[in-house]
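Novice: One line per chain: the protein sequences are R and S, in this order. So in this note's numbering, spot 86 of the first sequence is number 86, and the numbers just go up one at a time. So in this note's numbering, spot 156 of the second sequence is number 1156, and the numbers just go up one at a time.
Source of the hints: derived by calculation from the structure; they are not laboratory data. Check before you lean on any hint, since a few could be wrong.
Said to hold, decoys possible - Incomplete in silico selection of chain R near chain S, CB under 7 Å:
#1 26
#2 35
#3 38
#4 70
#5 72
#6 85
#7 86
#8 145
#9 147
#10 151
Beta carbons: idealized from backbone N, C-alpha and C, even for Gly.
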Amino acid sequence: MKNVAYSKWQLNSLVLLRVFIGWHFLYEGVIKLYNPAWTAKGYLLTSQGFMHAFYVWLAGDSLIGIVDTLMVAGLLVVGVGLMAGIRIRWVAVAGSVILMLLYLAHPAFPGLSSGYSAGNYWFINNNLIEIAALMVIFQFPVSHYFSLEVLFKKKKSSEQTV
Amino acid sequence: MSENKSSWKWSRREILKGLTGIPFLGTVWWAGAGFSKKIQDKKSKILESLNIDAVLPPPSGSMSGDPVRVGIIGFGIRGNQLCRALGFATKSWLSDMKESASANSQDTRLKEFMEQENLNIKLTAVCDIFDVRAEIALDSFNTATNQIRRYRTYDEMLDSGNVDAVVIATPDHWHAPIAIAALQANVHAYIEKPMTHNIAETYALREAALNSKAVLMLGHQHRQTQSFLTAQDIINKNVLGHVSLIQANTNRNSDNGAWQYPIHEKASPQTIDWNLFLGNAPIVPFNKEHFFRWRKWWAYGSGLSGDLMTHDYDRINCVLNMGIPKSIVTSGGIYTHRDGRNVPDVMQINMDYPDFSTGSTQEQGKEKGMTLVYSATLGNQYDRDTILMGHDGTMQLGNRLAVYIDPRSTRFAELLNKDKIDTSVPVYEYDPAAGELDGITSATSRYFANKGLLWTYRDGKRVDSTFLHLREWLSCIRNGGKPSCGIEEGFEEAITAHMGGLSYKLGRRIDWDAQKNEIAPVPGYDLDEVLLANVERVT
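So that you can see chain S by itself, here it is in the shape it has in the complex:
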């Protein structure tokens, strides 16, 4: 013990040796804490000056009450997806997903489908002119709790009294005729994009919607994306200053992305009602390729301008509300898929808004006007962001949202001078998926997901945006209210798409006459004839 006691008597040298680490420790702690605090302060100061609210879209209303009886018209690729979003998956999809989930634990598609909220609907009717597809729907959806009937035509379905609402997922040239008939029968309609296939029916559909008690919703499901209200707030608070240029893009590099869909082995004149498929399109003999790959021809589809530009246009329109452009100039060609199609596979649509402004931070009158450039190729899938370019900042817009300050900004000049802002990193970043693991990583999925077309987030959880969009439509049916993508938004979308298509086909600028509320006539041409002509260009 006495030896132990004596060992506690330290010399000055020993004490110094023992305690020398402490000041170093304190210094490292002080440096780390100081650095961390400096970063936080800088960030919070900028965020304070930006004052951006990350707002959630309001939830749609209750799904209680009697089940809504829904009919599906067109049970192809999109029709299947829409039915799943309504809670009805085919037997083959369920077994495929089960297999996929057991092979890959990150594939949560089946789990997410099973956990999806019940929308309290009955899928009571199916109309598809290809027997195989209609039979798949009957086989999968005729259950103890759901009885579904097949109708040969949409008229039969609408007249049956068996549906309160219809989901229209047909080729483009059938969208408006079916939607108009539904609305005239006061049957609610959810219609895929583009809303119409020509100009005349755009006005006719608007007329029908305005005179109907039924609710029309256009299928731009990205309107449910969590980041878009935040983007609106950023624009309203003039963070970007005057936005002069916006670019939105489509980049795909696969046969599927270029609408080269598989042709079913059982397709034949006996299994497909060919005349009904053609509808108002030019009469041609039975053609399997036209039936399954209809997006490749102007007679049935609308090419990049109607099929994909409409999504990007509406994504921007729901943030800026800029409406129909004053003029459009389109260029492009069939450069990547020379397979007999007559819609372009490379397309640049320049939409000019000379009188539009998001606001200004410079002297009055210096800034006005904006161009929205939609740039698309089906021959390369390099991911180009949607960007809004303002004098004071740039916004990347997708499910993830990021704002960069421009080095020459007027609004942020003082902070920039004090070196408080690093222009190479976002001053504001909003990523509801931060920390989420994406189990489905195909390039096409990412392309759609980045645009908010596949899924969005609610309370940090991934949700199918089509499900939310359909839910909003059903809520308007049940509880009243104006859908986020109704006839006015659809009218602007359809007219803009048609102007883009016309400019391509005619090889000239197309103007919008806002006074007359019509596309300015082009001497010597009937614009609807041009649009519907089943040829690449009309010159």
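For reference, chain R alone in the conformation it holds in the complex:
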């Protein structure tokens, strides 16, 4: 990878992808943060598929408070990380884990109702596509700009061909 040179537009496109996903996570997190009535309980209790029992357990009275807090914190951390460009590879993994948990609660499997999604999906839905996009972000240099990492990793980046 180190020896591959990317065009300016290739890099800009990847940075745009990173910022957009960060934007999405951040906005979801902020909306939930400022809505005291928000809880993941309904989403978890109505979950479908082979992990239903696990999600019902998470939705129990003893855990739901922690689950809600972690969810909001996770969305905010991933959102801020991707938008501001802090620990990008780390938050890309965290974001993928969150998305995978959301996907498995309501997987787009044939035969299951698509209660929580607006469109029609067959195995692949927007959660999975966003996971794939985060994998791209994880694999490619996306701290070109919009990124504090640019500042703190100056030395490293100076060694790269970017």
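For this one, chain R is given, so just place chain S on it according to the hints.
Specialist: Leaving out everything else, chain S in the frame of chain R:
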């Protein structure tokens, strides 16, 4: 080290590149926080102006003291349910539920039964004229801590001195005779709906209740529903304005829902006391179908008007206290189950209250009067909500309660003009079950549950509403107090049901004479004869 140090010297361009994300981040945060706050503000402003209190019904009193000795009269489908609500489940129900719970982890019926509060009663007596049912009760409820005896007739049970209270879950034509005998013997009575089977016995039962020291409770368990006091508050605060139309419905589409109950293989003249079953009904030879599916004939049951309209009528009456309608017009027919029954399976009962008003927000004198429409079919189970339609708003009433503002409301005109209210979404929603997972999802269960007939909620936990209703009755027995569904509520329920049935059978309007406190006579007819005639229509 020196190389590292030199790397911290950033150019202006690098700083700009690094920090460009920050303003965008701030903008997204600001937009999200602002949007969220706007929604909250809008909501709280409306809620402030509505000022609705989500009140819980007061808990019934202590169950301490000596156990109350209870007898069950009629141990059929409903009798079994009532015994479970009292804490006594048959062996076969327990094993069925155990099996069901192990097959489906969401089926919490057994768990809920096991966790149900002990009501401190002894189930000491059973009376059922079908040997098989009585023996099931004896087999299941004769335990180390509970001794139960079978009585051949309710008189024997009442005379035995072995019961302080009885639960009456017989066919309709036996409700009043047994309840009257119990009250005259000062034995407390819990009686299933409809309270009576004809007009004369409605007055006789009221007389007996008013002259008895015993407590009478009518089995409209939905009075325990958590949302109903909130609904009363909404009406009292005139949120809906003048309610001119209410619709309540029954929608069923199954044989069970149409009272086609199974006929037991052991049913025979040897195992069933047929003459006692008939009671005051016309004498006919032994008939298994009449015995098990008695709700299909006017001789023993009361059809949709007595069996199901009474629930809906009482649900509305406990919110509005509107009493007996001034007049009733009923239509319908036997359209979905032409199987020999003589009660209708499609029925529309229009109950008019020309002098009733929930309040008004328009100029004085413009609004007065209301119609309650009960609309029922046993041939379709599309879920139609109970709705109260006022000039200023609409209320959906069930376990869940929702209020929508009407786009032409006078009271909310200013907020509507400022676009502060979205009339397509509820401005107020009260769902004590929010986030609850319903493990029993059959259509019939949902039908009953939506009306508060199966369960309600206390502190966010699902509770059997029949249990709460029986508990209230037992509390009145132990601690005194007036039951929420006593003789006055029962009188209104029974008279209204009978007016609905009479209007159907006679094909004409039936009026209530409030001055004389009686159903206005219809020339040429004895109204009780009409009601009891075992034919579809009397014309």
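Novice: Now tell me, hint by hint, if it's right for this structure.
Specialist: Now for the hints, and whether the structure bears them out:
Here the hint on residue 26/R is kept, as its CB sits about 5 Å from the closest CB of chain S, short of 7 Å. At about 5 Å, the closest approach between the beta carbon of residue 35/R and any beta carbon in chain S falls short of 7 Å, and the interface hint on this residue holds. At about 9 Å, the closest approach between the beta carbon of residue 38/R and any beta carbon in chain S exceeds 7 Å, and the interface hint on this residue is violated. Checking residue 70/R against chain S: minimum C-beta separation of about 18 Å lies over 7 Å; hint violated.
At about 12 Å, the closest approach between the beta carbon of residue 72/R and any beta carbon in chain S exceeds 7 Å, and the interface hint on this residue is violated. Hint status for residue 85/R: holds, given a least beta-carbon distance of 6 Å to chain S, under 7 Å. Of the supplied interface hints, the one on residue 86/R is violated, with its beta-carbon coming no nearer than about 9 Å to a beta-carbon of chain S, more than 7 Å. Given the 7 Å rule on beta carbons, the hint for residue 145/R holds: about 4 Å separates it from the nearest Cβ of chain S.
Of the supplied interface hints, the one on residue 147/R holds, with its beta-carbon coming within about 6 Å of a beta-carbon of chain S, less than 7 Å. The beta carbon of residue 151/R is positioned within 7 Å of a beta carbon in chain S (closest approach about 4 Å), and the interface hint is therefore held.
Hints 3, 4, 5 and 7 from the earlier list are contradicted by this structure; the remaining hints agree with it.
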